[in-house]
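Construct all of the structure, not just a fragment, from the sequences and the given hints.
Taken in order, these protein sequences are the chains called R and B.
Residue numbers for the first sequence follow my numbering, so the first one is 165 and each next one is one higher.
Residue numbers for the second sequence follow my numbering, so the first one is 35 and each next one is one higher.
Counterexamples of contact, computed for chain B against chain R with all Cβ distances above 12 Å:
1) Tyr105
2) Phe112
3) Leu155
4) Tyr226
5) Asp273
6) Phe367
Residues on chain B that point at chain R, a partial pick, calculated with CB under 10 Å:
7) Val122
8) Tyr146
9) Gly148
10) Thr239
11) Ala293
12) Lys294
13) Pro421
14) Pro424
15) Thr429
16) Gln435
17) Ile438
18) Gly440
19) Ala460
No wet-lab data here; the hints were simulated from the structure.
All of these numbers come straight from a predicted model, not from anything done at the bench.
Yeah, the Cβ is synthetic: ideal placement off N, Cα and C, and Gly gets one too.
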Amino acid sequence: MPALVLIVVFFFVPVLLGFVLSLTNARLTSPQGPQFVGLDNFTRLFSDPLFWKSLRNTVYFGAVVVPLQSGFALGLALLINARIRGINVYRTVYFLPVVTSIVVVSILWTFMYQRDGLVNHMLQAVSFNLIQGTDWLNNPSTAMPAIIFMSIWQAVGFHMVIWLAGLQTIPGDLYEAAELDGASTWQRFKYVTWPGLRATRSFILVTITIAALSLFAQIKIMTNGGPLDSTSTVVFQSVRAGYEQQQTAYASAISLVFFVLVLTVSLVQRFLTRDKD
Amino acid sequence: MSRFMIERRGTAVLAGVATAALALSACGVASTSSGGSAGELTLWTHNAGNPAELGVINQIVADYNASQSKYTVKLQAFPQESYNDAVVAAATAKKLPCVLDADAPTVPNWAYAGYLTPLDLPQDLVSKQLKSTLGNYQGKLYSIGMYDAALGLFARKSALEAAGVRIATVDNPWTAQEFADALAKIKADGKYQYAFDLGTGDSGTEWWTYGYSPFLQSFGGDLIDRNGYKTAGGVLNGDAALKWASWFQGLVKNGYTPAKSSTDAFADFVNGKSAMVWSGIWHSGNLSKLGADGIVMPPPDFGNGPKIGGGSWQWAVSSTCGEKAAAMDYITFSLNKKYLAEMAEKQNVIPATEEAAAMVDGWQPGGAKRFFLDESAKYAMIRPPTPGYPFLTTTFAKAAQDIIAGGDPKTILDQAVSDIDADLKANNHYGF
Numbered sequence: 165m166p167a168l169v170l171i172v173v174f175f176f177v178p179v180l181l182g183f184v185l186s187l188t189n190a191r192l193t194s195p196q197g198p199q200f201v202g203l204d205n206f207t208r209l210f211s212d213p214l215f216w217k218s219l220r221n222t223v224y225f226g227a228v229v230v231p232l233q234s235g236f237a238l239g240l241a242l243l244i245n246a247r248i249r250g251i252n253v254y255r256t257v258y259f260l261p262v263v264t265s266i267v268v269v270s271i272l273w274t275f276m277y278q279r280d281g282l283v284n285h286m287l288q289a290v291s292f293n294l295i296q297g298t299d300w301l302n303n304p305s306t307a308m309p310a311i312i313f314m315s316i317w318q319a320v321g322f323h324m325v326i327w328l329a330g331l332q333t334i335p336g337d338l339y340e341a342a343e344l345d346g347a348s349t350w351q352r353f354k355y356v357t358w359p360g361l362r363a364t365r366s367f368i369l370v371t372i373t374i375a376a377l378s379l380f381a382q383i384k385i386m387t388n389g390g391p392l393d394s395t396s397t398v399v400f401q402s403v404r405a406g407y408e409q410q411q412t413a414y415a416s417a418i419s420l421v422f423f424v425l426v427l428t429v430s431l432v433q434r435f436l437t438r439d440k441d
Numbered sequence: 035m036s037r038f039m040i041e042r043r044g045t046a047v048l049a050g051v052a053t054a055a056l057a058l059s060a061c062g063v064a065s066t067s068s069g070g071s072a073g074e075l076t077l078w079t080h081n082a083g084n085p086a087e088l089g090v091i092n093q094i095v096a097d098y099n100a101s102q103s104k105y106t107v108k109l110q111a112f113p114q115e116s117y118n119d120a121v122v123a124a125a126t127a128k129k130l131p132c133v134l135d136a137d138a139p140t141v142p143n144w145a146y147a148g149y150l151t152p153l154d155l156p157q158d159l160v161s162k163q164l165k166s167t168l169g170n171y172q173g174k175l176y177s178i179g180m181y182d183a184a185l186g187l188f189a190r191k192s193a194l195e196a197a198g199v200r201i202a203t204v205d206n207p208w209t210a211q212e213f214a215d216a217l218a219k220i221k222a223d224g225k226y227q228y229a230f231d232l233g234t235g236d237s238g239t240e241w242w243t244y245g246y247s248p249f250l251q252s253f254g255g256d257l258i259d260r261n262g263y264k265t266a267g268g269v270l271n272g273d274a275a276l277k278w279a280s281w282f283q284g285l286v287k288n289g290y291t292p293a294k295s296s297t298d299a300f301a302d303f304v305n306g307k308s309a310m311v312w313s314g315i316w317h318s319g320n321l322s323k324l325g326a327d328g329i330v331m332p333p334p335d336f337g338n339g340p341k342i343g344g345g346s347w348q349w350a351v352s353s354t355c356g357e358k359a360a361a362m363d364y365i366t367f368s369l370n371k372k373y374l375a376e377m378a379e380k381q382n383v384i385p386a387t388e389e390a391a392a393m394v395d396g397w398q399p400g401g402a403k404r405f406f407l408d409e410s411a412k413y414a415m416i417r418p419p420t421p422g423y424p425f426l427t428t429t430f431a432k433a434a435q436d437i438i439a440g441g442d443p444k445t446i447l448d449q450a451v452s453d454i455d456a457d458l459k460a461n462n463h464y465g466f
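As structure tokens, this is what we get:
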């Protein structure tokens, strides 16, 4: 029962309000109450070049982060699934960025990405000054890749742990049997590990996708959507419109479109990863 | 810091969410008369993080409470980052304090939203104040400040002398050509990494508007057509604005200024990285680190006269205040020259009246700090006093950032104008 109250108050009510508000001209501060304006906000949204750019950036971020981060996390999980001495130290080290606040991580990386920051110094050191590096976050063509790199580094540990949990549910005797049958490492992965991770796989796919599409904190702290909107995302645009620009209704419209987008992507993923038996 | 900041909402997103939630839940809640119980006035201020300014306010409140027995003023200080959100949330819940301070450009927005009541102060008191300390909206006075801030072109005298350019003064500012020559010559000298640091390291919104829209106004453009406040067309994307944009972008393209300054451009200037820096009175204390070599000049005249931004934090009375007369009485009391002088001394700000200036060392005519008062009186231009300002400032700041980042000025400014005009239309031109 308490759960029901919470889900109604914090999920159904906001979604409903977002839907209603998006059809009005509600403002954050205004002497006039909201008036019904039909689909005006959506017409405006779909003709707003910033929205399409934000949408493209969001999709770009998701399309790169989802496969890279889940693949990388699986690789790490396989590495640290071994029984070697001090394995917990490795696990902790890989997990460390996850327990650090994304705000702190973003501020630190902002300094590292500066023209005379740590990243460029390291590039110079390893390339014997061949690579000079750029001002990563202030160059429209490198800002998003820089944020992608940092985001993967920060979040990969979390999914590594989930993969690891999945790996440990696979019974050891399956591997023993495979070994007796003379299966190679690759064959063991392909025929024992991969099928054994079916449930974990769907879970990771859906959670990474949703997290990637809601990219906001890094953008707010590191670039504010710039330079030249190259890192503006749908959630960032919605927060900016709703609070800084006081356009409650327009921001609701953006959120609603975002909601539909995430819902569609999740449903498609559910369909593709459904139990076919 | 008693700057121009509207505050950075991004850091207070949660507060904003809470605000929206309050906005939705507060409808129909019976409102009680706010601002404290009988005989008690609540006062809100933004400067919890600024002991110097808060100290003066505390002193005024204590003196006022001791000066009469009918009312007690109760002070509540907020951190600046969440101050505006607190006010908006309180207003939605009809729980605003009687007396509150507001950043000058937000005053019309709050007046329009019905948060504030026009001030009823003695005329001789108001007429003594610097124009830029008065918050007028629709012909009525809604807020009044104890001080103002000012921008300045801080420079190293030695760099100017080496380049063979004259030192600009309030009465005799540089022309656009003189400024261009100075930049070229200082750069040619090669002694400084940057000839002129714009201070673009602040990614927050308000600095971009406060700091750089005066250049646009000096070129003859503006954020909105102040004749009617019905469109930005022609002023934000006209010829003057395009000239401003290409000049602004040129500073980066020519290597005079970094596209992204470090977080403390003034420290870079003091440390010899740049020969000139665009900054404000709040750094005038640090200028003394350069001794006689550190000077401050007005901005160049780009055709429409030199311009700097005007308007800082100001006092206002809420419309839900039950004791309006007492609130006006308190504000009148707080504008005593004694307090204005103390604020100017402790806070490095421009005192709001001449008589207060006469009481503080350095602010008298000919004094070391006098530059800022003269500059402010002559060149300060307040940010557009329209309820639509929050939208104007975010849109302009983004446009300026995009121009610095190397985007096409015409496309950027046309888009900004179309965004602003759409917002104006959606709000019935905010009552204009």
